[in-house]
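Undergrad: Spelled out from the first residue to the last, the chains are:
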Amino acid sequence: MFDETLALTNRALKKWVRNPFTIIPGLATSAFYLALFGNSFNPTNLVPASAAQYTAAIKASILGTTFSGAPTYITYLTAGVICLITVFNMSFGGIDIVLDRQLGYFNTLLTAPIPRAAIYFSGVFQNLAKAMLLALLTFVIALAIPNGLELPRTFGVLEFLGAFAAFGMLGLGLSCVFTTLALAARSIDSLIAVVNFINLPLIFMSSSLFPSSSFPSWLMAISNVNPISKADEAARILIVNGTPGGQTGTFVGDMVYLLGFVVAMGVLGYLGAARAMKPE
Amino acid sequence: MTKIIEAENLTKVYKGKVKAVDHISFSVEEGELFGFLGPNGAGKTTTIKMLNTIASITEGRASVAGHDVARSPGAVRDSIGVVPQELTADDELNGMENILLAARLHHVRGGEARKRATELLKLVDLDGSAGRRVKTYSGGMRRRLQLAIGLVHTPRILFLDEPTLGLDVQTRTKMWEYLGRLNKEQGLTIFMTTHYLEEADGLCDRIAIIDHGVIKASGSPAELKSRVGGDVLTIELTAGPDITGFLRGLPDVSDVVKKDQAYRIKLPRTEKALPAIVEGITRKGLEIKEISFTKPTLDEVFLDITGKSMRDEDADESESWVQNIMTERMN
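Residue numbers (the working numbering), protein chains in the order written: chain B, 1 to 280; chain E, 1001 to 1331.
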């Protein structure tokens, strides 16, 4: 099964890389969120001009207490935008699967002597690979933006890998869900309708853009179990602090939660996908 | 000869309502080129999908290469090559990459895969375009590439669903040549669906005519044509009363079917019957607008069996954008 999964994943990635127009919108979304949203919705902009003599202290206080101690809002936002890009990529990545079905390629796979699981997992992994590459580029964009991502000195390779492990587990879990939805969908319209119904609330009910501590209690409760918030939090701990330090327990808890999310979505996703790939 | 495909009372009902295939039975001998002839919507593709394991069988049974389709779908998939109606080769990959991917999915690897791909690209005259991305291929080249993809793992049976759909006459002839060579020289069993009469007539050893999910007749093209029972004369009058009864009463006329002002007359001995028919019509003071005469063709057979000529049906509206993409790929 491994070889067939690899072959199909390779096919999808070759198609993706050879068609740069499909990559550019994803990168543009990252850049817009970081550069435009990050500056226009920067909460420290709300400090009134009349408090000029206290501005620096208030800004530092807002970021320090509410925004996880991030030196800039974009530093806080980077993990959230990477999660957001991951969600978008996973949710709309299934369009290629629906297209394959509608244009007949999917049937050629179903008549080939390959395990159905290879078709499913190639869908999962191709979207994950695309999302992780975009996540990496988003990270670079965040670093390149003036007054953007400011990493602590203690942020090294291990911290980088830890943050991306959190993004990767979020992506993997979501990819399992959205690949199954794509396999079950019979038209792009129906897939987009379902995806929009899921992904927008999922993003807004997370701590991607603003800390959940500023949410009303009911929304905070939802945000606290949202896997996006868990990935956000785990990655943000490393991006802002460099090492988990006193937040090691939270970091480990988030990673275990994300691992559970991947396993649960993997099992449910595969069962759903096997059903969706049964003969008509 | 061994029966390599067998279907007994094969039936497919979609969503419990639409009966696409209705209790059909047939068999295909090993090494045979077998054609499924019928108009769009007749049940050809559904039959091929059931035999290819991608559509479930509602009732009846089928075996392919000695394996029960419902019980051993994996073994069936190991034995078959499928060339679908749609143009499914990847636009962003080149011809060689498309074949090598198919080879890998059929467990043909390494040097063997590359050797086979090179041979097949040569067979379908695409060896000069192997490194070009498929999006630069014409519709004919894409169809030829698909044929090569279907053959990469040397299947025992090749299923082709409308293999020449949308091709120009020259490319179609070329495809027939490839298929004929594969069948005659390599002994490959081919099961193909088509709604092109001349394709079925010129290429197939045996044909089954299917309409509305039912096999109406089967046999070699010559056997089927002999069923018509002679030549067919079509006379269209400018106006006048119904003369079906009069025509039927003439000697050497075996059957008459009227449609509007045209009479389709079956003649076992044309040379004897024709003068009497023309003379009789003239004597009745009726004016002949048009007269035509045909030797029995498969269209005549289809008309004879189903009471109508082969027809095209519109694609489902929801799939029209897919048709547009396919049309684009054909250009």
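To be clear, the hints were calculated from the coordinates, so they are not data collected in a lab.
Just so you know, not all the hints are guaranteed correct.
[What the hints assert, rightly or not] Estimated spans, in silico, between C-beta atoms of each pair: (1) E:1018 to B:20: 53 to 61 Å; (2) B:193 to E:1307: 55 to 63 Å; (3) B:190 to E:1236: 49 to 57 Å; (4) B:264 to E:1014: 30 to 38 Å; (5) E:1271 to B:280: 28 to 36 Å; (6) B:246 to E:1109: 22 to 30 Å; (7) E:1107 to B:20: 42 to 50 Å; (8) B:187 to E:1133: 25 to 33 Å; (9) B:280 to E:1242: 29 to 37 Å; (10) E:1014 to B:43: 51 to 59 Å.
[As the list claims (entries may be wrong)] Keeping only pairs whose Cα atoms sit at most 27 Å apart, straight-line, the calculated DSSO-like set for lysine-lysine is: (11) B:14 to E:1259; (12) E:1284 to E:1259; (13) E:1284 to E:1225; (14) E:1115 to E:1216; (15) E:1115 to E:1135; (16) E:1295 to B:14; (17) B:278 to E:1019; (18) E:1003 to E:1225; (19) E:1019 to E:1216; (20) E:1135 to E:1184; (21) B:14 to E:1308; (22) B:15 to E:1174; (23) E:1259 to E:1272; (24) E:1295 to E:1258; (25) E:1308 to E:1017; (26) B:15 to E:1115; (27) E:1015 to E:1003; (28) B:278 to E:1017; (29) E:1284 to B:15; (30) B:278 to E:1308.
Quick reminder that beta carbons are idealized off the backbone N, C-alpha and C, glycines included.
Undergrad: If a hint holds in the structure, say so; if it does not, say that too.
TA: Now the hints, each set against the structure:
1. E:1018 to B:20: 53 to 61 Å: Hint violated: Cβ distance 43 Å, outside 53 to 61 Å.
2. B:193 to E:1307: 55 to 63 Å: violated (45 Å)
3. B:190 to E:1236: 49 to 57 Å: Holds: the Cβ-Cβ distance is about 50 Å, inside 49 to 57 Å.
4. B:264 to E:1014: 30 to 38 Å: holds (34 Å)
5. E:1271 to B:280: 28 to 36 Å: violated (53 Å)
6. B:246 to E:1109: 22 to 30 Å: violated (53 Å)
7. E:1107 to B:20: 42 to 50 Å: For residue 1107 (chain E) and residue 20 (chain B) the Cβ distance comes to about 33 Å; the hint is violated.
8. B:187 to E:1133: 25 to 33 Å: For residue 1133 (chain E) against residue 187 (chain B), whose Cβ atoms are near 27 Å apart, the range 25 to 33 Å holds.
9. B:280 to E:1242: 29 to 37 Å: Violated - the Cβ-Cβ distance for residue 280 (chain B) and residue 1242 (chain E), about 47 Å, lies outside 29 to 37 Å.
10. E:1014 to B:43: 51 to 59 Å: Taking Cβ atoms as reference, residue 1014 (chain E) and residue 43 (chain B) lie about 56 Å apart, which means the hint holds.
11. B:14 to E:1259: violated (57 Å)
12. E:1284 to E:1259: holds (19 Å)
13. E:1284 to E:1225: Violated - the C-alpha atoms of residue 1225 (chain E) and residue 1284 (chain E) are around 33 Å apart, more than 27 Å.
14. E:1115 to E:1216: Distance ~44 Å between residue 1115 (chain E) and residue 1216 (chain E) Cα, so the pair is violated.
15. E:1115 to E:1135: holds (24 Å)
16. E:1295 to B:14: violated (54 Å)
17. B:278 to E:1019: holds (19 Å)
18. E:1003 to E:1225: holds (25 Å)
19. E:1019 to E:1216: Given pair residue 1019 (chain E), residue 1216 (chain E) holds - Cα atoms ~16 Å apart, limit 27 Å.
20. E:1135 to E:1184: Not satisfied, since the Cα-Cα distance of roughly 32 Å exceeds 27 Å.
21. B:14 to E:1308: It is violated: about 49 Å lies between the C-alpha atoms, which goes past 27 Å.
22. B:15 to E:1174: With Cα atoms ~30 Å apart, residue 15 (chain B) and residue 1174 (chain E) exceed 27 Å; violated.
23. E:1259 to E:1272: Between residue 1259 (chain E) and residue 1272 (chain E) the Cα gap is close to 24 Å, so the pair holds against 27 Å.
24. E:1295 to E:1258: Measuring from Cα to Cα gives roughly 19 Å; hence the hint holds.
25. E:1308 to E:1017: holds (25 Å)
26. B:15 to E:1115: holds (24 Å)
27. E:1015 to E:1003: violated (32 Å)
28. B:278 to E:1017: OK: residue 278 (chain B) and residue 1017 (chain E) at ~19 Å, within 27 Å.
29. E:1284 to B:15: violated (72 Å)
30. B:278 to E:1308: violated (37 Å)
Checked against the numbered hints above, the structure violates hints 1, 2, 5, 6, 7, 9, 11, 13, 14, 16, 20, 21, 22, 27, 29 and 30; every other hint is satisfied.
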